[in-house]
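S.K.: First to last, the protein sequences are chains W and F. Each residue of the first sequence is one higher than the one before, starting from 33 at the first, in our numbering. Each residue of the second sequence is one higher than the one before, starting from 2 at the first, in our numbering.
For the record, the hints were derived by calculation from the structure and aren't laboratory data. Honestly, I wouldn't trust all of these hints.
Now the stretches of chain F that chain W is said to cover, found in silico as 3 or more residues with beta-carbon under 8 angstroms [stated by the list, open to error]:
id: 1; region: 23-37
id: 2; region: 55-63
id: 3; region: 70-81
id: 4; region: 85-96
id: 5; region: 144-152
Taking CB as the label site, the calculated pair distances span [as the list claims (entries may be wrong)]:
id: 6; chain 1: F; residue 1: W131; chain 2: W; residue 2: R126; range: 14 to 24 angstroms
id: 7; chain 1: F; residue 1: L110; chain 2: W; residue 2: L136; range: 40 to 50 angstroms
id: 8; chain 1: F; residue 1: L183; chain 2: W; residue 2: L136; range: 19 to 29 angstroms
Result set (SDA-like, lysine to any residue): computed pairs, CA atoms no more than 20 angstroms apart in a straight line [stated by the list, open to error]:
id: 9; chain 1: F; residue 1: K112; chain 2: W; residue 2: A107
id: 10; chain 1: W; residue 1: K95; chain 2: F; residue 2: P167
id: 11; chain 1: F; residue 1: K21; chain 2: W; residue 2: M62
id: 12; chain 1: W; residue 1: K95; chain 2: F; residue 2: K112
Note that CB positions come from ideal geometry on N, CA and C, so glycine has one too.
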Amino acid sequence: MTDLFWDLSISHFLALAAVLFAIGVVGALMRKNALIVLMSVELMLNSANLTLLAFARQHHDVKAHALAMLVIAVAAAEAAIGLAIVVGVFRSTRHANVDRLTTLRH
Amino acid sequence: MDSLLLATAQAANVTTAPGKAQVLFFWLFALLAVGGSAFMITRRNAVAAVMSLVGTILAVAALYVMLLAHFLAVIQVLVYAGAIMVLFIFVIMLLNKEEDEPWALRGLLGKGVAGLGLAYLVARMVSVLWSVGTRVGEEPWSVEQMQSFGSTRDVGRVLFSTYLFPFEAVSIVLLIAVVGALVLARPMAKREGK
């Protein structure tokens with residue numbers, strides 16, 4: 033147990049990223065507020081980046097840093113579009129509850 | 002902390018095993034990240050959720066520094082904690098409405114099955130990732146390598162040579178996102194009037 037604590041390995045970072053990703057999945061599936069669902073998606077992208085950078089350090093490969101940079105840019109684009117959609121939905125329905133948005137279900 | 006690591010590496014001229022302080026900082030930031038994200042998905046108030054996500058993102062940026070990704074840590078703080086979170090705050094300001102019941106509890110059976118599946122998936126994922134098992138600092142890093150790895154110059158060199166096309170493509174994605182956000186967020190009446 034003390035070895036697990038003191039012997040810091042790449043696996044520690046990877047396991048932490050997996051836990052953060054799982055928390056993001058739970059948030060995206062279980063919350064009703066569209067904003068919090070979007071924030072959970074951002075958290076999942078962040079944990080994916082953490083995995084990339086951990087492997088980059090393990091393999092001495094700076095290419096993953098470029099990929100992580102592109103992921104951050106795509107996340108920014110996703111946040112802008114997602115929030116615009118939330119605002120648009122709120123305008124027409126007066127709420128941002130993903131469970132009540134069932135127009136496409138019927 | 003990294004300069005400290007470098008100093009010890011230079012003194013000993015060997016590998017850079019993490020000191021006790023670095024390990025303690027890892028656990029501190031890991032705790033902050035997990036706690037902040039757990040706080041985020043349980044808050045009823047959206048502003049509190051955004052603030053805890055900011056804390057999570059700052060903790061993850063600190064972990065990036067531990068992985069020698071200095072440039073990306075700065076970008077993370079600027080883009081996430083700066084720009085994206087301000088965007089979230091603005092949208093919350095536009096549609097501030099507390100939820101009556103924050104958790105989507107309909108179809109609890111299906112979600113229970115999904116939760117079990119998720120727990121299984123995470124357990125398998127962690128066990129696979131755990132088998133990677135390289136110790137931090139076990140790899141033989143020369144001091145020069147450690148100084149240049151993850152620096153703006155190194156990342157920029159890769160980004161503007163090997164990944165030049167994805168870089169340009171992502172800039173077009175950002176342009177489309179800007180235009181799309183403007184079109185989507187324009188008032189309804191104006192769009193129908195045209």
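S.K.: Verify this for me: three or more residues of the region 55-63 of chain F with a beta carbon less than 8 angstroms from a beta carbon of chain W.
M.R.: holds (count 3)
S.K.: Cβ-Cβ distance between F:L110 and W:L136: within 40 to 50 angstroms?
M.R.: violated, 23 angstroms
S.K.: CA of W:K95 to CA of F:K112, is that 20 angstroms or under?
M.R.: violated, 38 angstroms
S.K.: Can you tell me if the region 85-96 of chain F counts as covered by chain W, using C-beta to C-beta distances under 8 angstroms and a minimum of three residues?
M.R.: holds (count 7)
S.K.: May I ask you to test the hint 14 to 24 angstroms on the CB atoms belonging to F:W131 and W:R126?
M.R.: violated, 48 angstroms
S.K.: Closer than 8 angstroms Cβ to Cβ for three or more residues is the test here. Does the region 70-81 of chain F pass it with chain W?
M.R.: holds (count 7)
S.K.: Between F:L183 and W:L136, is the Cβ distance one that fits in 19 to 29 angstroms?
M.R.: holds, 24 angstroms
S.K.: For the pair supplied as a hint, F:K21 and W:M62, is the alpha-carbon distance within the 20 angstroms limit?
M.R.: violated, 38 angstroms
S.K.: Measure nothing beyond the straight line between the CA atoms of F:K112 and W:A107; if it is 20 angstroms or shorter, mark the hint as holding.
M.R.: violated, 27 angstroms
S.K.: Are there three or more residues in the region 23-37 of chain F whose C-beta lies closer than 8 angstroms to some C-beta of chain W?
M.R.: holds (count 7)
S.K.: Given as covered by chain W, does the region 144-152 of chain F meet the bar of three residues or more with CB within less than 8 angstroms?
M.R.: Result for this restraint: holds, n = 3.
S.K.: Mind checking the alpha carbons of W:K95 and F:P167 for me, to see if they're no more than 20 angstroms apart?
M.R.: holds, 12 angstroms
Checked against the numbered hints listed earlier, the structure breaks hints 6, 7, 9, 11, 12; every other hint is satisfied.
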